[in-house]
Amino acid sequence: MAHTLDLESIVDAFSGKNVGMGVDEKALISTLGNSHKDHRKLFRKASKGFFEEDEERAFEKCHDQFVKHLKLEFSRFNNAVVMWSMHPWERDARVVKKALKKGDECYSLIVEVACTRSSDDLLGARKAYHSLFDQSMEEDIASNIHGSRRKLLVGLVSAYRYEGNKVKDDLAKSDAKILAEAVASPGEKAIENDEVVRILSTRSKLHIQQLYKHFNQINGSDLLGGVSDSSILNDALLCLLKPSVYFSKILNASLNKDADKGTKKWLTRVFVTRADHSDEMKEIAEEYNQRYGETLAQNIQEKIRGNYRDFLLTLLSKSN
Amino acid sequence: SEDVPLHCIHYNYRQRKERERERSSLNPTMASLKVPTNVPLPEEDAEQLHKAFAGWGTNEKLIISILAHRTSAQRSLIRSAYAAAYNEDLLKALDKELSSDFERVVMLWTLDPAERDAFLAKESTKMFTKNNWVLVEIACTRCPLDLFKVKQAYQARYKKSLEEDVAQHTSGDLRKLLLPLVSTFRYEGDEVNMRLARSEAKLLHEKVSEKAFSDDDFIRILTTRSKAQLGATLNHYNNEYGNAINKHLKEDSDDEYLKLLRAAITCLTYPEKHFEKVLRLAINKMGTDEWALTRVVTTRTEVDMERIKEEYQRRNSIPLHHAVAKDTSGDYEDMLVSLLGHGDV
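Read top to bottom, the protein sequences are chains W and L.
Going by the UniProt record's numbering, 172 is the number at position 172 of the first sequence; the sequence numbering is gapless.
Going by the UniProt record's numbering, 133 is the number at position 133 of the second sequence; the sequence numbering is gapless.
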């Protein structure tokens, strides 16, 4: 087992001080990959030149130049290290910003961030967005997305869902009926429906799960079986109801040998953003195994090479 | 984003922090609250309040002399001290002892700001106490972080989110306006993009000319832009098109949607004007709207009541506390006048 680096050495490694001498990458992978998120917080606080403390919003953000520098320094890690060292809120804010810039095909990433994070983490991502981009996530999305998807996407990122365990069954049932009628609409009409947007963007996840049960009874079909023509609606439902299924599907897509460059990057994103939540990561790995026969670890071992592979495997092993 | 030298990043960040610190919600210079220089310990206050409830009848003057002269932080400590000493929530005791308008003003005042707003918001979504103005006030005049505290207090107390209740109890254009107003977490910075202000003022004017008052983009601008940006946009609108936007939104004076839209715009830009109007209408010759009066006084005393008083004096040529005293009586009047800063300390 590789020895672990101390805080100072990690900071040095990131600063590129030891250019030419190289950095003990195996040790770096092992140390960072196994690090608890509080250790990384200490690292960010210790690296004042690279991370700036946003006291009011309670997180440490990465200077843009530093991000560029890190990407070069750690290019062999395909961004994984860079994303891993950032505060989760900053990570998510940057994912959303990038998705917004890339346009249409990437809107599912916005759905992913909005629907799979906890209420406080989504709020945190919105705070980080203020800090990084001097505007709110809501206004950026609202002004850059037009057409039928705007309402739902703005609604989803604006959510601050109740996370307690109280659910009103009669309300879940009536919402299920409304959804059942609406999803049958062709094309993107379903997401233009105010009631659909209301239900998906304001109800608690527990409420939506209750709704799911009623829907399947009322409609006879599975709400998660691609009931709607709208891909964004289907993604939102899957993310809200069964995130581990959603993540295992996109991991499978990104590990496919015919995947394009953009899709391959999903691997990094899912691993880095979910690895801190070991329960979730475990569920994702189990779901993946059930669906595709192989284990995630096996597949990564076969298809990925080098330090990047080792880093991913380290992150994966954290959840076991 | 552009390449900015590291030392400049730090400088801008510091400057911004300074301005943000100045713009706090609980602003001592604009509050009308009068607090004695030597405030008794919370335990002492709790004991006095307990004495005020003891025996036959209630010593309302004592209650006012204490509670109407303590900040929200101090009131919170008194509540804790009271609970520790007498094993009862102070609010429960007040509920038992007091009644009618006096009870309502004391109860609302004693709650901490987030709890108070959550209570008012819940009330405003219920059938018999339906009041969309309250939602507009809460969504538009509280700073974004305080609005978030309201949402947290709402969830803790009512086991659902404010957003889902607002969404469920509204429909059509009203929901289109109110839901994003309560949901958006607006950027709080002072930065203004003048080019954007011009282009969005133009867009607003186009929609207004077409009478498309609930157009998607029209609502988008009002419900997602930062207050600073919106201020700049509306100033530009005024300069460019000869009138403040609200003058162009008076199409139908009975239309509730337009009324709320105008109120939202005023609340986002000049809250003291909105509150002056609510007070003026509440204290008119034909009787008093005590709930509106109580709401404005309890929610603004610690925030910007001095500004509201100035505005009221300017428009009505009499001081607010005189108008209130003329229109109310008894303990209710005493409590209001004390909160307005003109009671005996």
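Calculated directly from the structure, the hints in this document are not laboratory data.
Mixed in with the good hints there might be a few duds.
[To be verified] Here are the simulated EDC-like cross-link-like pairs (lysine to aspartate or glutamate), alpha carbons at most 16 Å apart as the crow flies:
{"id": "1", "chain 1": "W", "residue 1": "K41", "chain 2": "W", "residue 2": "D54"}
{"id": "2", "chain 1": "L", "residue 1": "K130", "chain 2": "L", "residue 2": "E310"}
{"id": "3", "chain 1": "L", "residue 1": "K159", "chain 2": "W", "residue 2": "D169"}
{"id": "4", "chain 1": "W", "residue 1": "K213", "chain 2": "W", "residue 2": "D169"}
{"id": "5", "chain 1": "L", "residue 1": "K176", "chain 2": "W", "residue 2": "E192"}
{"id": "6", "chain 1": "L", "residue 1": "K96", "chain 2": "L", "residue 2": "E60"}
{"id": "7", "chain 1": "W", "residue 1": "K41", "chain 2": "W", "residue 2": "E8"}
{"id": "8", "chain 1": "L", "residue 1": "K277", "chain 2": "L", "residue 2": "E240"}
{"id": "9", "chain 1": "L", "residue 1": "K149", "chain 2": "W", "residue 2": "E195"}
{"id": "10", "chain 1": "L", "residue 1": "K149", "chain 2": "W", "residue 2": "D140"}
{"id": "11", "chain 1": "L", "residue 1": "K176", "chain 2": "W", "residue 2": "D120"}
{"id": "12", "chain 1": "W", "residue 1": "K41", "chain 2": "W", "residue 2": "E25"}
{"id": "13", "chain 1": "W", "residue 1": "K249", "chain 2": "W", "residue 2": "D194"}
{"id": "14", "chain 1": "W", "residue 1": "K173", "chain 2": "W", "residue 2": "E192"}
{"id": "15", "chain 1": "L", "residue 1": "K227", "chain 2": "L", "residue 2": "D146"}
{"id": "16", "chain 1": "L", "residue 1": "K227", "chain 2": "W", "residue 2": "D134"}
{"id": "17", "chain 1": "L", "residue 1": "K176", "chain 2": "W", "residue 2": "E195"}
{"id": "18", "chain 1": "L", "residue 1": "K34", "chain 2": "L", "residue 2": "D327"}
{"id": "19", "chain 1": "L", "residue 1": "K159", "chain 2": "L", "residue 2": "E206"}
{"id": "20", "chain 1": "L", "residue 1": "K227", "chain 2": "W", "residue 2": "D54"}
{"id": "21", "chain 1": "L", "residue 1": "K202", "chain 2": "L", "residue 2": "D216"}
{"id": "22", "chain 1": "W", "residue 1": "K97", "chain 2": "W", "residue 2": "E55"}
{"id": "23", "chain 1": "L", "residue 1": "K159", "chain 2": "W", "residue 2": "D134"}
{"id": "24", "chain 1": "W", "residue 1": "K242", "chain 2": "W", "residue 2": "D260"}
{"id": "25", "chain 1": "L", "residue 1": "K326", "chain 2": "L", "residue 2": "E290"}
{"id": "26", "chain 1": "L", "residue 1": "K247", "chain 2": "L", "residue 2": "E310"}
{"id": "27", "chain 1": "L", "residue 1": "K285", "chain 2": "L", "residue 2": "D327"}
Status of the hints after comparison with the structure:
1. W:K41 to W:D54: Given pair K41 (chain W), D54 (chain W) holds - Cα atoms ~13 Å apart, limit 16 Å.
2. L:K130 to L:E310: Outside the cut-off at roughly 30 Å; violated.
3. L:K159 to W:D169: holds, 14 Å
4. W:K213 to W:D169: Distance ~11 Å between K213 (chain W) and D169 (chain W) Cα, so the pair holds.
5. L:K176 to W:E192: Holds, at about 12 Å.
6. L:K96 to L:E60: The given pair, whose Cα atoms are some 13 Å apart, holds under the 16 Å limit.
7. W:K41 to W:E8: Since the Cα atoms of K41 (chain W) and E8 (chain W) sit roughly 14 Å apart, the hinted pair holds (cutoff 16 Å).
8. L:K277 to L:E240: Violated, at about 27 Å.
9. L:K149 to W:E195: violated, 27 Å
10. L:K149 to W:D140: violated, 24 Å
11. L:K176 to W:D120: Not satisfied, since the Cα-Cα distance of roughly 25 Å exceeds 16 Å.
12. W:K41 to W:E25: At roughly 21 Å apart (the allowed maximum being 16 Å), E25 (chain W) and K41 (chain W) break the hint.
13. W:K249 to W:D194: violated, 29 Å
14. W:K173 to W:E192: Violated, at roughly 21 Å.
15. L:K227 to L:D146: holds, 15 Å
16. L:K227 to W:D134: Since the Cα atoms of K227 (chain L) and D134 (chain W) sit roughly 13 Å apart, the hinted pair holds (cutoff 16 Å).
17. L:K176 to W:E195: holds, 11 Å
18. L:K34 to L:D327: Violated, at roughly 22 Å.
19. L:K159 to L:E206: violated, 42 Å
20. L:K227 to W:D54: Between K227 (chain L) and D54 (chain W) the Cα gap is close to 21 Å, so the pair fails against 16 Å, i.e. violated.
21. L:K202 to L:D216: Holds - the C-alpha atoms of D216 (chain L) and K202 (chain L) are around 15 Å apart, at most 16 Å.
22. W:K97 to W:E55: violated, 22 Å
23. L:K159 to W:D134: violated, 33 Å
24. W:K242 to W:D260: With Cα atoms ~26 Å apart, K242 (chain W) and D260 (chain W) exceed 16 Å; violated.
25. L:K326 to L:E290: Distance ~13 Å between K326 (chain L) and E290 (chain L) Cα, so the pair holds.
26. L:K247 to L:E310: Roughly 23 Å separates the two Cα atoms, so the pair is violated.
27. L:K285 to L:D327: holds, 8 Å
When the structure is compared with the earlier hints, violations turn up for hints 2, 8, 9, 10, 11, 12, 13, 14, 18, 19, 20, 22, 23, 24 and 26 and for no others.
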